[in-house]
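Undergrad: Letter by letter, the chains look like this.
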Amino acid sequence: MELLAVFLPLLAFIIAGLFGKQIGDKGCQFITCASLIIAALCSVLLFVDVTMHGGGRITVLAPWVISGDFTVNWALRIDQLAVVMMCVINIVSACVHVYSVGYMSHDECKGRFMAYLSLFTFAMLMLVTSDNLLQLFFGWEGVGVASYLLIGFWNHKNSANKAAQKAFVVNRVGDFGLLLGIFGIFAVFGSVQYDEIFAQAPDLAQTYFNLFGYEVHALTAICLLLFVGAVGKSAQLGLHTWLPDAMEGPTPVSALIHAATMVTAGVFLVSRMSPVFEYAPDALMVVTLFGACTAFVAATIGLTQFDIKRVIAYSTMSQLGYMFFALGVSAYGAAMFHLMTHAFFKALLFLGAGSVIHAMSDEQDMRKMGGIWKKIPFTYTMMWIGSLALAGIPPFAGYYSKDIVLESAWADHTWFGEFAYWMGIAAAFMTAFYTWRLLIMTFHGKPRASEKVMSHIHESPAVMLGPLVVLACGAIFAGSFFYQGFVGSAHHGEHGEAHEVVAHDTDANVHHEQHGDDKHDTELATHTENSDHHVDEDAHSTHPELSKEVFWKDAIKVLPENDTVEAAHSVPMWVKKMPLIVGLIGIFMAYISYLFVPAIPEFTKRIFKPIHALFFNKWFFDELYDLLFVKTSILFGKIFWKGGDQGIIDRFGPDGLAALSKGIGVKFGRFQSGFVYNYAFVMVIAVIAIISWFYYKNEQALGLINSGFGM
Amino acid sequence: MEFPLLSIMTFLPLAGVLIILATVRGSGEVADRNAKYVSLYTSLFTFAFGLYMFANFDGNSAEFQFVETSSWLKPFGINYHMGVDGISMFFVLLSVFLTPICIISAWDAIKKRVKEFMIAFLILESFMVGTFCALDAILFYVFFEGVLIPMFLIIGVWGGARRVYSSYKFFLYTLLGSVLMLIGLLVLYAQTGTTDIPELMNTPVSSSLQYWLWLAFFASFAVKMPMWPVHTWLPDAHVEAPTAGSVILAGVLLKMGGYGFLRFSIPMFPEASAYFVDLVFWLSVIAIIYTSLVALVQEDMKKLIAYSSVAHMGFVTLGIFTMTSQGVEGSIFQMLSHGLISGALFLCVGVVYDRLHTRELSRYGGIVSNMPKYATIFMILMLGSVGLPGTSGFVGEFLILLGTFQVDTLVAALSATGVILGAAYMLMLYKRVVFGPRENRDALAMPDLNKRELSLLIPLVALVLWLGVFPSDVMNKISPSVDKLIAEYNEKLEKAGIEPKQANELTFLVDKKDLED
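Protein sequences appear in the order of chains G and R. Counting from 1 along the first sequence, just add 284 to a position and that's the residue number in my numbering. Counting from 1 along the second sequence, just add 20 to a position and that's the residue number in my numbering.
Derived by calculation from the structure, the hints in this document are not laboratory data. In this text, a Cβ means the ideal position worked out from N, Cα and C, and glycines have one as well. Among the hints, a few may not be true.
[What the hints assert, rightly or not] Here are the simulated distance ranges between beta carbons:
#1 R:Pro479 with G:Leu295: 57 to 63 Å
#2 R:Pro24 with G:Asp487: 55 to 61 Å
#3 G:Asp910 with R:Ala35: 55 to 61 Å
#4 G:Asp910 with R:Trp127: 55 to 61 Å
#5 R:Asp128 with G:Leu302: 55 to 61 Å
#6 R:Thr89 with G:Phe496: 49 to 55 Å
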């Protein structure tokens, strides 16, 4: 089962990649979509098996790198954490695959695009199912390459190439940290196998080791290094500059890679390593602070951008910040919960935005949109669902996950937990504001596009709308449905109600979808929902007391004193209500400033000019990095090349000798024609001469050398 | 040993030379074709023997295998002694594998003095195989230095515009190294009375002499590697060499230095090796960072790959001198992998050079549209060079850094920046050649890879991927010899009362709790 779920996408990639010409675009699309849908079904079955029947297991496939006492196998580790990720990846990926059939219908290289998407999915699956840090790194780099290929998919565009290259190189900076973290793990634990690491972590909690000449707390140092990797991949503050640029890629790519899956790899990594992070409180504090600042800064930038995809990209970054500060306060379950709901509603928003862009003849600037909601009502509805979920309005998925994240931060009762809570609240307000700003600018008001564009506006084909429905179901129900399992407390009994609602709505949805035109989609949706339904029943029969402990088992480790998710259930009422209140205010403010009194944005822009400039220019990270790293590297490269190699080494080395030899023999020029032969000849003669000299002067020579060097 | 396999592999190419000399007359098209076919078949036969050697090599043994001994220079007790172990076997295989590829790559590219070119290449092959098989120091030296002669000719006769300058530079550097090494070798002989390599490994040399000898050998190997700061011959040599020359230079010749360290410096001068560890480490770190930065600003495709080779070889020297099993095995693996990847990358450069006759990056761009197969293969190789997991480039680099981290965390961290810089310059290269706006008309008119070129590149790409996913097929056979090397090294150091560098740093697990109690 897990083999199918993981390797079908690889098979699809190989077939579509190598034989794309032979089977044609249609064949590629069929093979990749079919593989992904089957893989998604397999992951759902696995999910049921593992979470309900405790079928966690490790399958060793083959030896990989074995050297001395370092041994790593290709292996699949199927546990709670892995199956949650597998479901998210495969379901979203299947949706994106099907959607791409429609979205890329005008492109020349459809087959290649589908192949890359499948490659990405495979790499991501290897990342989450790995049994050790090295295979995780394989997946980690694999998704990086797939992302590089897909961002730069339209490779005749210079901007796309630059963005792709930037994404890869900035990610490599993170990988540099991750690699050092892996080395550290091996140095301290003697293995990179999860089981062995986790088993030893408690004993090594007090260990110090020598890093760069300093005695440092081993686990803290290791966790921070691993976190550097997470910062790169998950676009946290400092290494986030690649994410907005990555929007150069086709929109399905942004939905799959830069919203739902790849960027959450860092969150997954920290969750996976929770048994180690738990013993590194200082590292957790850093994670919290990074997450909180990212959530805030990204939201501020999101307020000012005009490119519809960039707004969503900054919102992704901001939401990833939420996940990280949840991790930082040991609320791993809450982070994974938000990861899952976010995957659905953010993919929905991106694909919805893609549908808008498709309708607007590839226009992405919101200033050139407006007044189109009546023309594309379905997309409009889907965007609303996604926005409601993103803003955290009940009963949409984001409400449940964002609230538990914020409550956990508060419940941590540390200064950084509280800091994260308030940053999160501020970000929640801004999120609601810029989301509705996006909705209003895109769909309402007077049309600002040219008449030609306006006349072309049309609803997207069913093959694009079907996947939106599936994702919308996730965005609506995933929160209430999985709340109890992901973050529920064993001591509270408020889950029964939620379940009933879900069961009812699921039926309605399946019914609704059968009217859809696209066969695959309906099938997928039906199956997915049915299986979920199945899970639901199982949950009732076998585990009446479903809670986070029952659900996660050993996949996530939280020390009892750090169990903030548990504590989150008993925080004061105002802490719980705050996110919703600021969210509603944000929506309200957006309506006022962008629909009712359109002068307000210009006015505030003028009053807060420097602040606006800071936000609009993305806090000048790009400019700073360009100066610090890119320009400096090139400068040093030139200095070393012209100054070092040519100016010093060659000048005083071979060229200097050449000049000398010119003084000795003016014949050098004439000598040139046959010069290699001559030297070669001289060389052979010399070797022979020396050997024969020794041959005949055996005794003397040895004696000479003995007396000369014998010390 | 009833069947002199290694001698056959060493001298079969020379037999091919004789056949060419004896049968191919004149210099017309027919003669050229005959010369090409004779050399191709000769090299393929040699490769077949190489496969036979691989199949019959006992991977569980650390001993020398397929050993041949017969007396040569009797009065000195210098014997003709051949044999391979896990360290050298794969270099032999790499040499005989790359030679036919080079010959095919030169098929249409070499137009003048074809016969002589083929002869030079076969002689080169013979010497390369001999270098890795020789178990006698003098024999080794003859092959090791002999390699330079055909290489000179290949650069100097069939090279580009500045070939004379390049081969002159090449010569000066290597001459300096080899003279010092020859002196070292003679001193060693004078001291121990033997030139037999296995015997030398077990014959201790006094500590004070070890330092001098180490330095003398180091001079030669460091130039060959090449290590910073004696690397400047390499970019020039590569730029001027014909494609086949570049492939063999990057693929095999650069590995001779690393092999020399493993065969001579470490087992024969262990104390000096331990003493100079920091020197090698820091030269390697400088090489990695410095040359990566230089690669970043190159405008010439071959120069860029040449500088990247210096950086990659920096990893190799780093790994060898960690003297951890990960570091050393990683280094050997990295050398093999680099042989395949950089060889293939030079072939890729050759493909477009043959079509457009320029290596200037700015003359290309956007060729993915007209050369999709080329773009795919180049992409895989580029990622291999960057060290992407799943390609052979990753395994070596990872193991080296893993080994280094156990010995010196700071050096490991600094050299790991090569991972970032490597990505930067290789992606830059790829972007400027393959992607980008479609502006250069002549570049866009180039036809995609033909069957001949595909037949060269596909085996290389397949190997790069295979070794990336299943490196243990190769590693298994390397590790017994490496384990033996390390065990003996540590034993010798212990005898001399020297702690190897790693032991100092590996005791860094200090339990503060215990200390307080």
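Undergrad: Could you check the structure against the hints above and give me the numbers of any it violates, in ascending order?
TA: 1, 4 and 5
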